[in-house]
Amino acid sequence: MDLVIQYGLYGIAYACIFVPFFGFGLGPPVVIGAALGSFIGNTYSLIAQQGILKNFIKDKKETGSGGPILPLLEGAQKAIDGFENPGSAMKVEAHHEEEHNHDSEKHHIIPIPVYVGVLLVLLLGTVITVAVAQVDFGAMNTVIAMLVATIKASFVLAFFMHLKYDNLMNRVIFGSGFFFLMLLIAFSAADIFTRASVIKAF
Amino acid sequence: MAHATQSTTIVTSTEDNYLNHEKGIWSWLSTVDHKRIAVMYLISILTFFLVGGIFALLLRGALFNSGENKFWSYITPEVYNQFMSYHGIIMVFMVIVPGIPAVFGNFLLPVMLGAKDVAFPRLNLASYYIYLLGATIAGSTLFLGKIDTGWTFYTPYSIKTSTSVIMAVLGAFTMGMASILTGLNFIVTTHKLRAPGQTMNKIPLFVWAIYATSIIQILATPVLGITLLLLGAERALGVGIFDPNLGGDPVLFQHFFWFYSHPAVYIMVLPAMGIVSELISTFSRKTIFGYTAIAYSSLAIAAVSFLVWGHHMFVSGQSEFAGIMFSVITMLVGVPTAIKLFNWISTMYKGSVRLDAPMLYAIGFLFLFTIGGLTGVWLAATGMDVHFHDTYFVVAHFHYVMVGGTLMAFTGGIFFWFPKFFGKMTNDTLGRISWVFIFTGFNVTFFPQFILGAMGMPRRYFEYHPAYEPLNQISTVGSWLIGFGFLVALAAIIHGLVAGQKASANPWGSKTLEWQAPSPPPHDNFPITPTVTAGPYEYR
Amino acid sequence: MSTVKTEDGHFHHAHHFKNLNHQYDSAKQGVWLFMVTEILMFGGLFVAYLIYKSLYAPIFHVGSTYLDVKMGSINTVVLITSSFTMALGIYFNQKNKPKQAVIALVLTILCALTFMVIKYFEYSHKIHLGLVPGKYFNNPEFQQKVADFINAMPIENLTPAISDINNMKKIAPLYFGFYFVMTGLHGFHVVIGALLILWVTIKTARGQFGSEYYTPVEGVGLFWHIVDLIWIYLFPLLYLVG
Chain A
414 MDLVIQYGLY GIAYACIFVP FFGFGLGPPV VIGAALGSFI GNTYSLIAQQ
464 GILKNFIKDK KETGSGGPIL PLLEGAQKAI DGFENPGSAM KVEAHHEEEH
514 NHDSEKHHII PIPVYVGVLL VLLLGTVITV AVAQVDFGAM NTVIAMLVAT
564 IKASFVLAFF MHLKYDNLMN RVIFGSGFFF LMLLIAFSAA DIFTRASVIK
614 AF
Chain B
-4 MAHATQSTTI VTSTEDNYLN HEKGIWSWLS TVDHKRIAVM YLISILTFFL
46 VGGIFALLLR GALFNSGENK FWSYITPEVY NQFMSYHGII MVFMVIVPGI
96 PAVFGNFLLP VMLGAKDVAF PRLNLASYYI YLLGATIAGS TLFLGKIDTG
146 WTFYTPYSIK TSTSVIMAVL GAFTMGMASI LTGLNFIVTT HKLRAPGQTM
196 NKIPLFVWAI YATSIIQILA TPVLGITLLL LGAERALGVG IFDPNLGGDP
246 VLFQHFFWFY SHPAVYIMVL PAMGIVSELI STFSRKTIFG YTAIAYSSLA
296 IAAVSFLVWG HHMFVSGQSE FAGIMFSVIT MLVGVPTAIK LFNWISTMYK
346 GSVRLDAPML YAIGFLFLFT IGGLTGVWLA ATGMDVHFHD TYFVVAHFHY
396 VMVGGTLMAF TGGIFFWFPK FFGKMTNDTL GRISWVFIFT GFNVTFFPQF
446 ILGAMGMPRR YFEYHPAYEP LNQISTVGSW LIGFGFLVAL AAIIHGLVAG
496 QKASANPWGS KTLEWQAPSP PPHDNFPITP TVTAGPYEYR
Chain C
13 MSTVKTEDGH FHHAHHFKNL NHQYDSAKQG VWLFMVTEIL MFGGLFVAYL
63 IYKSLYAPIF HVGSTYLDVK MGSINTVVLI TSSFTMALGI YFNQKNKPKQ
113 AVIALVLTIL CALTFMVIKY FEYSHKIHLG LVPGKYFNNP EFQQKVADFI
163 NAMPIENLTP AISDINNMKK IAPLYFGFYF VMTGLHGFHV VIGALLILWV
213 TIKTARGQFG SEYYTPVEGV GLFWHIVDLI WIYLFPLLYL VG
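Quick mapping for you: the protein sequence lines, in order, are chains A, B and C.
Just add 413 to the spot in the first sequence (first one is 1) and you have my numbering.
Number 224 in my numbering belongs to position 229 of the second sequence; there are no gaps in the numbering.
Just add 12 to the spot in the third sequence (first one is 1) and you have my numbering.
Hints in this document: simulated from the structure, not taken from any laboratory.
Predicted model, so just to flag it, every value in this text is computed and none were measured.
Virtual Cβ for every residue (Gly too), placed ideally from N, Cα, C.
All clues stand as given, with none of them false.
With a Cα cut of at most 25 Å, we get these calculated DSS-like pairs of lysine-lysine:
| hint | chain 1 | residue 1 | chain 2 | residue 2 |
| --- | --- | --- | --- | --- |
| 1 | C | 138 | C | 182 |
| 2 | B | 155 | C | 147 |
| 3 | B | 18 | B | 111 |
| 4 | C | 181 | C | 147 |
| 5 | C | 107 | C | 30 |
| 6 | A | 471 | A | 491 |
| 7 | B | 155 | C | 182 |
| 8 | B | 155 | B | 141 |
| 9 | B | 18 | B | 497 |
| 10 | B | 141 | C | 147 |
| 11 | A | 577 | C | 107 |
| 12 | B | 197 | C | 30 |
| 13 | B | 197 | B | 345 |
| 14 | A | 491 | A | 467 |
| 15 | C | 30 | B | 111 |
| 16 | C | 107 | C | 215 |
| 17 | C | 181 | B | 155 |
| 18 | A | 491 | A | 577 |
| 19 | B | 18 | B | 419 |
| 20 | B | 281 | B | 197 |
| 21 | B | 111 | B | 197 |
Going by beta-carbon spacing under 8 Å, a handful of chain B positions derived as facing chain C:
| hint | residue |
| --- | --- |
| 22 | 110 |
| 23 | 187 |
| 24 | 218 |
| 25 | 221 |
| 26 | 225 |
| 27 | 233 |
| 28 | 234 |
| 29 | 235 |
Looking at chain A on its own, in the form it has when it is part of the complex:
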């Protein structure tokens, strides 16, 4: 029931955002695509982070009703595990010890060579930005400059600001801020750049 409401609300939100932009012709396919995408993403995160597949496999093993498909599912789970946590076997043991000493739980510390590497990448990025600006790409100038800037920004966010090793919530918080900024741009631009056109009919 929860899921029905959840996806229902997703659907409404997507419709609100996509239909105005893609029109009533292209809009519905985009909405359906986005809904499917989020369903798949949601399911993947349920498997990877909340272990629903693991529990399912465990249940089936205990009741002995797995059948031939069980080895396939186990293989899939292993693959996902390997993708999500390289070296996860070692981490499991370390985690048990850490559970008892929360205060001394070590924060992830990024080593200095990584910082130096990021600094060099950023300096290189600056050189590229200035160099590329000497060539005129016309309307693409702004786009290319923003692209390079975004790549530099991602490095600052991921390493200097530690987001790569941080918990998911901080990434969600940052991402949502950025998303709403995009909304402001999109809707204001939608007004200003359609001022001249008069809609005669649909």
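Keeping the supplied structure of chain A fixed, place chains B and C upon it in accordance with the hints.
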């Protein structure tokens, strides 16, 4: 669920509580106890409400006569514009936006979550002082050049007028800062300080409402900040961003302004809906119907509220395409609101309803907010809005949702949580009398304004056509009834403080966590951190 | 103070948190939420800038030629380096090495000061030339250059707004309005950031942080990186994409 309550040990002795924990004025002014901060906010907000209310009475008094001879010769057209602006600025920025989150959110959020305090207690105190600072800066304009642009500060008038716009926007900016810091505090508190066993699906709906409100506060208020800063720069330096003479676009100001101000009205209303959920469930002695739907609809309202701001600008020169886009999405935002309304009514169905004062206010909310919300959908239709924009129809609409909605819930919340705040009961009869006057007075004041708007009377006008006079006079009489009703409510509060009966921990028989703590709660809220084993509305 | 080093060298967490880590995670989340508000605030400025740039491209193109790309690039390098030294400052605090941390943080402050000095030169040059926001603008040569640029544009690129050359000359100072507001607000944040870094430097020097507790340094670091991030976007938009 097998367990009946969110269980904890109740301390029977109530001698040491947050009110007498430390004595002296300095212990209050330097407190980091969220409960004391809530009480300080309450005093400030009630004071500002009184001032804003006096401006309202002055406005309605002036509108009693259609011509330029008003009941008080001091009220010229310029002065009328000033009164109108102050009424708006005070009510919006100093009363309703902080309103429920600052008072009830501050007091109840940690207690409902089983926490000892909010996540950042010193930041909480700083928020209060920043709020007072902003109110002082904005209020200082009364003694400088006054303000006459309306609370919306529309350009180009706000660039050219000789009133103290820069001080006013500086005050609003500062109060916005306080709003951001409060929202930040509440989000981290809800994420990090829940009691053991309390998952997000077990928190009371009031907490969900405050959580959704805090998200809006974080995302929307900064844009107001930059808008007001740019307005100040425009006035001081002639930057040219909003001034058509200098190449600017006044409609861009409106885009930026309403990007905040529309979500802001949901900052005003969502906490009120949270209170109504609590009141209806408690006074129907029944589990709230559709907990998940109400919780997620709060988040949905918060999210969709960011997509609809252009419905304030249908006739400002915005493009047709944008108008259509905003119109359609605005109608969609009514859907989660309607979900809540149906769920509240379903909660009352076959419940054991008691019509104590708080419940009267909650039912009043249901009725008045429905009218306000429905008329909002009429305004969302561009064709209708062309006629209704800037008429009294709009004025009636937003007063129905803000006063009939938020203020009803606020007052109901005061009567409901008064025992928890102060350890005494209010006189229920006084509470009900205040409700009768407020509810009746409200309808007498604002329903005629729907008709006036449909008849074409423009808003913010000092003088108007004599044909509108009879309805205006009815409306003014209604405003006196509201004023009297709020005075009765104030009398009920004072009487409760001075001579109220001592309250038990749970006088209303509610099931949420704050009623398991003593009334008033001790300094640390709970003697031991409770473990939550059941949902918040398990009445049967 | 909620977190104080006691005589036995341990840090005590505030009473409403479970442990130091709980407090650290919460504080970090709070700082991230505040950073979101900073992004939205500056973002509003960027939105306005992008809109006007699309509408009045010639003004922005000619205006950006008045900005010194060399000084802007140096400032970019200075800020990026300061982000690096800030990260080092946090690193050394995490490793319980207050002396190196203080050096790194002081370097960060020096970078900030360098940035402000270069900015001062840029501003004073423009003020001298009368290239300031609307009310006080006084540089007819700039307005003429805009007119010349429009006249040289191929006719199919002209929108109705741009074709009105007299109006475009009148509203040309809009560019410098944006320049001063955007870089000014950013510069204000650089100054605030430098003061905050000074505060944590003093506390580090006094031995008030350690590997168990360095939250304020990290919080200030996050703020400083956001200031750097904003400049990473500001620099190409204002100086390069004319």
